[in-house]
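Residue numbers (the numbering used here), protein chains in the order written: chain A, 20 to 271; chain V, 10 to 295; chain H, 4 to 325; chain W, 50 to 475.
Simulated from the structure, these hints should not be mistaken for laboratory data. Among the hints, erroneous ones may be present.
[Claimed, not checked] Non-contacting residues of chain V with respect to chain W, defined by C-beta distances greater than 12 angstroms in every case (computed): (1) GLY63; (2) PRO65; (3) LEU81; (4) ASP96; (5) VAL144; (6) ALA154; (7) ALA160; (8) ARG194; (9) PRO286.
[Said to hold, decoys possible] Here are a few chain W residues that face chain H, going by a calculated C-beta distance under 10 angstroms: (10) VAL133; (11) TYR239; (12) SER472.
[Said to hold, decoys possible] Restricting the straight-line Cα-Cα distance to at most 27 angstroms, the calculated cross-link-like pairs of lysine-lysine (DSSO-like) are: (13) A:LYS130 x H:LYS130; (14) H:LYS110 x V:LYS34; (15) W:LYS90 x H:LYS130; (16) W:LYS155 x H:LYS130.
Remember, it's a predicted structure, so these values are computed and weren't measured experimentally. Beta carbons are placed, not taken as given, at the ideal position from N, Cα and C, and that holds for glycine.
Listed below are the residues making up each chain.
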Amino acid sequence: MILEARDVRKSYGAFVALDGVTLAIGEDEFVSIIGPNGAGKSTLINVLTGALELSAGSVRFRDRDIAGIGPVALARLGMARSFQLVQIFPELTVLETLQAAVVSRLGLSAKLFSSLRSDPRVQADAMEVAALFGLADRARTPTRALPQGDKKLLDVASAFTLRPQIILLDEPTSGVSTADKHAVMEILVRAARQIGLRSIVQVEHDMDIVFGYSDRIIALHQGRVLADGAPAAIQADARVVETVIGRRAAPC
Amino acid sequence: MGGVFHAAILFLVAAGLQLVFGVQKIFNLACGSFYALGAYTGVAAVGYFIGRGGSPALFIVPLVLGGLAVGLVGFVVERGLLRFVYDRDETFQLLLTFALVLMLEDLIRMTWGAAPTSTGGLYLGYGQAHVLGTVVPVYNLIVIAASLTIALAMGWLLTRTAFGRIVRAAADNREMAEALGVDLRRVYARVFTLGTMLGTLGGALVIPATAAMSEMGIELIVEAFAVVVIGGLGSMRGAFVGALVVGVLRSLAIAVYPELEMLLIYLIVIAVLLWRPRGFFGAAAA
Amino acid sequence: MRAPFTVLAAVGAALLVLPQFAAPYYVTLMLPFMAYAVVLLGFNLLFGYTGLVSFGHALFIGVGAYTGAVLTTRFGVRQMEVVLLAAGAAAAVVAAPVGALCVRYVKIYFGMLTLAFGMVFYTFLLKFYRLTGGDEGMRMLRPSLLGQEWAGFSKTAYLIGPYYYFSLAVLVLATGIMWRIVGSPFGLCLKTIRDNPVKAESLGLSVPRHRWYAFMVSAVYAGVGGALLATPTGNVDPTLAYWTQSGNVVFMVLLGGFSSFFGPILGAFAFIFLQDAVMSVFPYWRLVFGAVLAALVIAAPGGLMGLIGSIARRSPFEAARS
Amino acid sequence: MTTTRREFLKTAAGAAAIGAVGAPARARAQAKPGVPADPVKIGILAIRAGIAAPVGTAGLRGTEWWVERVNKAGGILGRQVQLVVEEESTPKDTIERYRKLILQDKVDVVIGGISTGVTLALGPVAEEMEVPWLSWDGTTQKGVEETMPNPRWSFRSVDNEVEAIVAGQLTPKYFKGVKTVAGIGNDYSYGHDCWETYQAVLRRYNPDVKFVLELFPKLGVTDFTSHIAAIQQAKPDLLMCSFWSGDATIIMKQAAAVGLFKTMKGVFTTAGGVHDSLKKEFTPEGLLLGYNTMYFDDPKGGPLLRQFVREYKAKYNEYPAYECDHAYFNIESYKAAVEKAYAASGKWPSKAEVVRALEGIEVESLSGKRSWRQDHVQMCNFFQGITTHKNAYDFVTINPIEVVSTKTAMKPAGAKLMEWINSWKI
C-alpha cells in the first residue's frame, strides 16, 4: 500500500468532518472518491495531502506519517495534487509553468545564478510534458490567455511534471464542458501511463467519469466510508445508489 | 492622565483609519494629513469666530463645526481619486494615499504658511479640575468625554442602525453585499467621508491644547499605525484599545524611562505583528 | 527582439560619454540616480518578481550608507570595493532575521511589518547618538577606487570622473547579476510565488524560503546602493532611513514600471531628474510629486515602461510588422 | 510669501532689460569701473517645510528685505543682486542643491543652512567646492571639531550653545536659591548640547545644584502633557527648556493649563524664535526668555531695526525673530567684503579675495554691530531677559533686557567648550 489512512477523525469544534475513515491506495490503482456534498471529501483530500493535522488516527504515505506536513514536504516525498478550482500562474507561459515544476523536482529552485534557458534537462522535460498534454503548440502562451479546459489540463500537467508516485486530483473535470470531459480524462490517463505514474486518486462528481476510469471506488457519507470496492460492486450497493449515485444526472 | 488625552485623539484618527480599512480594505496613510487639515481648519474657524466677536467660551462650537465641515474633503477624495482603484492591488491603493500625504502637506503649507498657528490660550478659559491627585485642564476632560461619546456612537451606528448593517455587510463580503442590492459606491463614499471626518475632528479637537504644525500629519501616521496594528486592522474596538495602549504606554515610558518613549511603541508593534498579526481584535472587522 | 538591444546599446554608449558632454552638475546628479537604480533593481526583485511590497526598504539603504561611513571614518577602510562588499554583507546580516520574520506575512501585513522595522532602525540611529552620531549622522570619507586615491582630483572632478565610472560599473554589474537572477530557476520560482503561492507550494516550492532569499538579495542591493549613495553626499544621516524615503523607493519603481526589468532603472532616473527640475522652480514640489504619483496609480499603473510599451505597440510601424 | 526661483529668474530676465530687481529703472546705478555689468548671483538655501520652516522663512524674508533695499540703492558696486533660492531639506538633497547652485547656476557665494545635520554635511562640501559659504545657523561642537577644523571657505554661525551659556550665566542672577533643576529639549544634538552646557555653566556658579530630570521628546512632538506630568513629579525649583519652534508655544500652553510655573521657575533659552506666539494668556511673567541674537523691541535698537520691524509687520503681520538678522548680516557682510576688496584692488574680487576680506570684517546689522572672527565664526550680541506683560502686544516681551556679547559667552577660537567653561574665574 502506498497511501493509507487509519481511523482518521477530523473535527472542527463540534462539527465532525471525518469520523473514523480507513482506506488504502495501492500501486497501479485508479481510485475515485465519491460522495454527496458535505460527505467530507474535501476534508479527506486535505488529510491525504498532509494539509491538515488530524484529531485522531493516522495517515501514512510510503510508511511515513504525513499528517500536517504541508504541501512542500509532500511534493518532495512524491505525492502531487491538483485543485478543484483551477490553480495557475496567470502571468507565466505554459512552458514556464511546467519548467517551474521541473525546477522544483530537480532541486534547482535555489539556484540564483544559473541560467534557466540553457539548462537542457529543464527545457526537454517541460516540453515533453507539454507535448503529452497537447499543450506544445501553446507553450509560449501566457497562462491567463488559455481557455478554461487548457488551464485545467495545465494545472494537472504541472503536477504530473513532478513525476510523483501518486497524484490526487480534486475534481479534474469540474469546470470543463461535458463534451470535453472524456477528452481531458483520456489525455490524463495516457499521460500518467507514459510518465510512469501509477496511482491516481480522484474526487469526482461525474459518474460517467468515475465508472469509466476507476479500478476502485470509495463512497463517503457523513464522514464515514460507506462503501469501498470495484465499480461493479459499488453500482450494486443500494445504499450508495441511494445516497450518492441516485442523482447522477445532475452534475455538480 | 496626559496619556488618556492623547489616546482620545489617537482613537479618533485610528477609528477613521479602521472604518476605511474595514470596509474598503484601504490602509489610508493620509489619515494623518486629514488630522492636520482638521487642525488648521479648526484654528481658522475659531479665529474667524472670535474675530467676528464670538464669545470665547463658545469657541468649541466653530472648532467642531470647522473640523467636521472640512471632513467633506473625504467625499471629494473618494469620488475624485480612490474610486478608480478599488479593483487594483492594495499596493496601489496604499500608494495613492501616499500621494495624498505628499499633496496635502504642501496644500496646507500653501494655504496657511509654514509658521505654527494656534488658538492661543482659549482653552485655558475652561479652567482646571483635580483628577486622581493631578491637575487636568477641563478642556482635556471635555475632549476625552467627546471621544468616548463618539466611540459609543460609532458602536451604536455600526451595530444598531440600518446603515451600520450595510457597512458591516460590505466589510464582510463585497460580492454578497452587492448581490443583496447594496449600492457599494454610495457606501464607500459615505464610509470614507465619515472616516475622514473622524480624523479632521480629531485634529480640530486637539488644536486648542497645542499648535498646528505642518509636519503634525506625518508624525501622527506612525502613531496611528501603531494603534491599529496593536488593536487589529479594521476593528473599532481595536482602535479604542490600541489608542489607550499607545497613549498610556507612551506616558508611562516618559515617566519611567524617557529614552524608550518612541522605540517602545515600535517594539510593541513588531511583537504584536509577530505574535498575533491580526492584533487583539483583528478578527472582528468593523 | 532587436529593438530593445539597440536601445540598450545606445543608452550604454550615452552613459559612457556623458561626462564628456553634460554639465558637471547633471553628471553629479547621475550618481544618486545610479545608486538608487541599484537599490531599485533589488527592490523590484521583491516587488515586481515576488509580489511583496516593502515599506521599510530605506532601512537597508541606511544600513549600507552607515556601513560606508563607519568603515571610512572609524576603521580607516577607504577602498570602495571593500566598502560595497561590507555594505552588502551588513545588509544581509540585518535582513536575515528581519526577513525571516517579515516573509511569514504578505500584502499589507508585510508592508506594515517592514515599515515598523524601518522605523525601529530610524529611531535607533536617532537615539544611539554615540554610536551613530544621532541626527548629525556621520561623515563618509572619500573612498579610493580600484586602489587609486585620485588625490589630484578635486571632489567635483573625482565625482564626475572616476566615481561616475565606478558607479556606472557597479550599476552595470548589478544589472547583469540581476538579469541573471531573474532568468535563473530561482527567478522563475519567485514568479510562481508571486502569481499563486498555493499552487507554488503544491509544486514543492517553499514559499517562505524563496521569499526570504528574495528579501535578502533585495536587501544586499539596497545596502550596496546605500553605500554608493553616501559618497557624493559625504555624510550619512537618519533621514536616509525615514519611512517617507521608503515611500519614495516604491514611488520610483512605480514611476518606471514594476513589471519591466528595466522599469526601476528608468524610474530612478525620472524621479531624480524630475525632482531636480521641479524643486528649483516650485517650492511646493511635493504637491507636484503627489499629483504625479496619483495620476500614475490611477491612469498608468504600468509606469513609464508601460506607457512606452503601449505607444510602441500602437505605432503604425509595429502594427505593420505584426 | 516666499520668493520662488522662477520669480527670480523672471525678474532676472527683466533685470537684464531694466537693470533692477523690484525697483524702477531710475534706481539703476552704473556699475563701477572694473565691475561686470551682469547681476551678481547669490545662492540661498532655505528650509521651507517641516519644523524649521518658520526659521527658514524668517531667514529668507530678512534676505529679501536686504536685496530690495540694496538693489534700489544700486546693488553691490553697481551690480544688481540676483538671488537663486533652493530648498534646504535632508542633507543628501541639500548637498545636491548646493552643487547645483555652484556648478549650474554659478553663484558667487552661497548663504544659508539651518539644520545641524545639513550644515555639518555642507561644511566639507563647501571646502571642496571652493566657493564661500556663509551659514545662517546650525553648527554644533562636533561639527566644528570634526568636520570643519580649519575652514577656508565656510563661515559659520555662532556656537549653538551660546544661548545656553548666557542663560546659565543669568540664571543665578535672577533666580536665587535654585537647588534642583529639570531640563527638557528636543532629542537631537541641539537639545542635548544645550542641556549639557547649561548644566556645566550652572555648576560653576553653584556646585551643589542637582539636576533631577532630563527629558528629550522627539522633534515634532505636539503633546507634552505626559512630559509636564513627569516634571511635576520631579518637583524641581527650575525648568530649563531649549525648544525653539512651535513646540515652545505648545509646552508653554500645556504648562499653563496645569499651572506648572506657579511652582517653579522657567528658563527658555531659545523660545524667542517664536516669540510672538507666546501669548500673554498662557505665558507668565518672570520667566527667563532668550531671543537669541535679535530682539525686535530693543529700545536701544537703531533706525535700521525699527524700519525692518515696521515693514516686516506691515508685510507679514508678524514680528521678526533672530534668523532674519543672521541672514541679514550674512549677506550684508558679503557686500561689505566685496566693497572692501574692491577698494584695495580696483576690480571685482575673486572668491578667495572675498573670503580674505570677510575675515575680521564688522558691519552694521539689524541688531547692531556684527562681525566675522578670524576663524570664520560670527560674533554678535545675545538678548535675554525676564518676561513681562507690560507692553502693547498680546504676547510677552522682556524687561529687563540683558545683552551679552559672544566675546564673553562664546568659547574663543581654538578652545574646547567644556575646558573653557571650567576655566572661568567666578
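Evaluated hints:
no.: 1; hint: GLY63; in the structure: holds, 16 angstroms
no.: 2; hint: PRO65; in the structure: violated, 10 angstroms
no.: 3; hint: LEU81; in the structure: holds, 25 angstroms
no.: 4; hint: ASP96; in the structure: holds, 34 angstroms
no.: 5; hint: VAL144; in the structure: violated, 4 angstroms
no.: 6; hint: ALA154; in the structure: holds, 16 angstroms
no.: 7; hint: ALA160; in the structure: holds, 19 angstroms
no.: 8; hint: ARG194; in the structure: holds, 36 angstroms
no.: 9; hint: PRO286; in the structure: holds, 27 angstroms
no.: 10; hint: VAL133; in the structure: holds, 9 angstroms
no.: 11; hint: TYR239; in the structure: holds, 8 angstroms
no.: 12; hint: SER472; in the structure: violated, 26 angstroms
no.: 13; hint: A:LYS130 x H:LYS130; in the structure: violated, 40 angstroms
no.: 14; hint: H:LYS110 x V:LYS34; in the structure: holds, 11 angstroms
no.: 15; hint: W:LYS90 x H:LYS130; in the structure: violated, 40 angstroms
no.: 16; hint: W:LYS155 x H:LYS130; in the structure: violated, 39 angstroms
Hint check: violations occur at hints 2, 5, 12, 13, 15, 16; the rest are consistent with the structure.
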